[in-house]
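> For reference, the chains in residue letters:
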Amino acid sequence: MAEVVRFENVGLRYGLGPEVLQDITFGLEAGSFHFLIGPSGAGKSSLLRLMYLAHRQTRGLISLFGRDVSTLPREQLPKVRRRIGVMFQDFRLLPHLTAFDNVALPLRVAGVRESEIKRHVEELLVWVALENHMDMRPPTMSGGQQQRVAIARAVIARPKILYADEPTGNVDDRIAARLMHLFEELNKLGTTVIIATHNEAIVQEFGRPVLKIDGGRLRIIPQGVPLDRPSPSGLFDVEEDF
Amino acid sequence: MRFRQSKLALEKDDSNRFLPWIIAFMVLLATLSVAGMLMLNQISNVFEHSIHDTMTVQIPAAENTIADERHANEALAALKKVGGVIASKRVPNGEVRKLLQPWLGETAGSEGLPLPQIIDVEVDRSADLTAEKLTTLLTPIMPGTTVDDHSVWLTSLVDTLRSAELIALAIVFLITLATMGTVVFTTRTGMGIHRQTIEVLHFVGAQDEFIARQFATRAFIVGLQGGIVGILLAAPILYLFDYVLKNLEEGLLPKASLDISIWISVGFIVPVVAFVAMMTARSTVLKTLKKIV
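Line by line, the protein sequences give chains A and B. Using our numbering, read the first sequence as starting at 901 and increasing by one per residue. Using our numbering, read the second sequence as starting at 111 and increasing by one per residue.
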């Protein structure tokens, strides 16, 4: 399978500060499903931001969809971003837009026809059980409903990669499990899924490969290997590939 | 279409609340400057085209009115024969008295006051005709006859008026710069307020142009609103100005008024301001976005 994400010796520092990510090297195959774990401040969010092109790395090489994006001109980034879906922990819905318009946003910026948008958005809102809340605005919706709007927005443009940052952070176990099954369904449809989480129980339960980040360094734990098993070559193993 | 609101809801910004009023004030100033500039231009043109081609013959008062009449008629007859003289017209004594009244008061109206005979001469400037030549021609009729060539003092007057026009134009330019500065500041503030929304738009694949369009459209609407208010504020002032001009003492200045062409020019300020605001906001957003990934 072709790799959709490739990091080679990637480092990141903010301004003149220390490197928050060091020598990150890994690859993710198309259609794979990974968890990204690590303690707070370990660099999870920074790694995610590099993956969804919110930041440029300080050094190293990043390829997405087989294309080097490290040196990609600014005006070409939106095209790459349209193939990536991002679900934020705080949802980042636009409060003045209805659920329908929030979900429609990626299609509208891509210039899709209104009739097409209507059909796809309504279909997706039915899928996330929000068909009766299309005209509601986020501030009037519950946390769970907002989360489903955020998921719908992240997947409406059929992204090739889906990043979810702490998707189960603010919901109870039942909804968390339901969400995870939703991600699995998307993965079965061919979407590469990366989920950043603190919830080790979910990671254990779903038994998927794990990207473990700590102190700015990445360790890759293959499927079935206990999370706390130390790397045979030292603290971190950055060589293993999937 | 279901999508009624802008993607950024810029209309709800506090930073946008005062912008229409600032633009209204700028448009008020710009309108007054433009109207003033166009009126000065009108006056300059009148000076240039109507008085510039004239000379004035002044025949000193004789011992009695019969002699005054004779001198004037002889001078008119002589002028008719001069090449380069298009027309000549005697200014009636009544009109001369009226012209002198601001300086001499009631005395100017007195029949006993000896008045010089004034003849307006329309000349062809391309012909080789000078005030000196006419003076030489007319002096035998009545010694002491003088000929004023207005072009000498008129040139410096027109130059002064043109300088005033340039100053008005410079004021319009400064007002435009100030408006642009205000739009830049407001747009940057707006971008700060909507930073998270802009980030979301980026993540869903929006081009910078798409985001810039949101701000540019809003700036255009605010520019139109402010422009219309500014014009409405300027209109009564211009009407008053026009009224004063129309009732000015005759002879002090050539007749000038706020004609339809000036009103149309002033009306154009509104779309121009809206367009400038739109383009300024657009370029500000594009420049600012380039600094982030």
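Treat the hints as calculated values from the structure; they're not laboratory data. Here the structure is a predicted model, which means the values were calculated and not measured. Each hint should be verified, as a subset may be incorrect.
Calculated pairs, BS3-like style, for lysine-lysine (alpha carbon to alpha carbon, straight line, at most 27 Å) [as the list claims (entries may be wrong)]: (1) K1018(A) with K1088(A); (2) K1060(A) with K979(A); (3) K191(B) with K243(B); (4) K979(A) with K191(B); (5) K979(A) with K243(B); (6) K401(B) with K979(A).
> Now tell me if each hint is right for this structure.
Hint check:
| no. | hint | verdict |
| --- | --- | --- |
| 1 | K1018(A) with K1088(A) | holds (25 Å) |
| 2 | K1060(A) with K979(A) | holds (12 Å) |
| 3 | K191(B) with K243(B) | holds (13 Å) |
| 4 | K979(A) with K191(B) | violated (85 Å) |
| 5 | K979(A) with K243(B) | violated (82 Å) |
| 6 | K401(B) with K979(A) | holds (19 Å) |
In this structure, the hints that do not hold are numbers 4, 5, in rising order.
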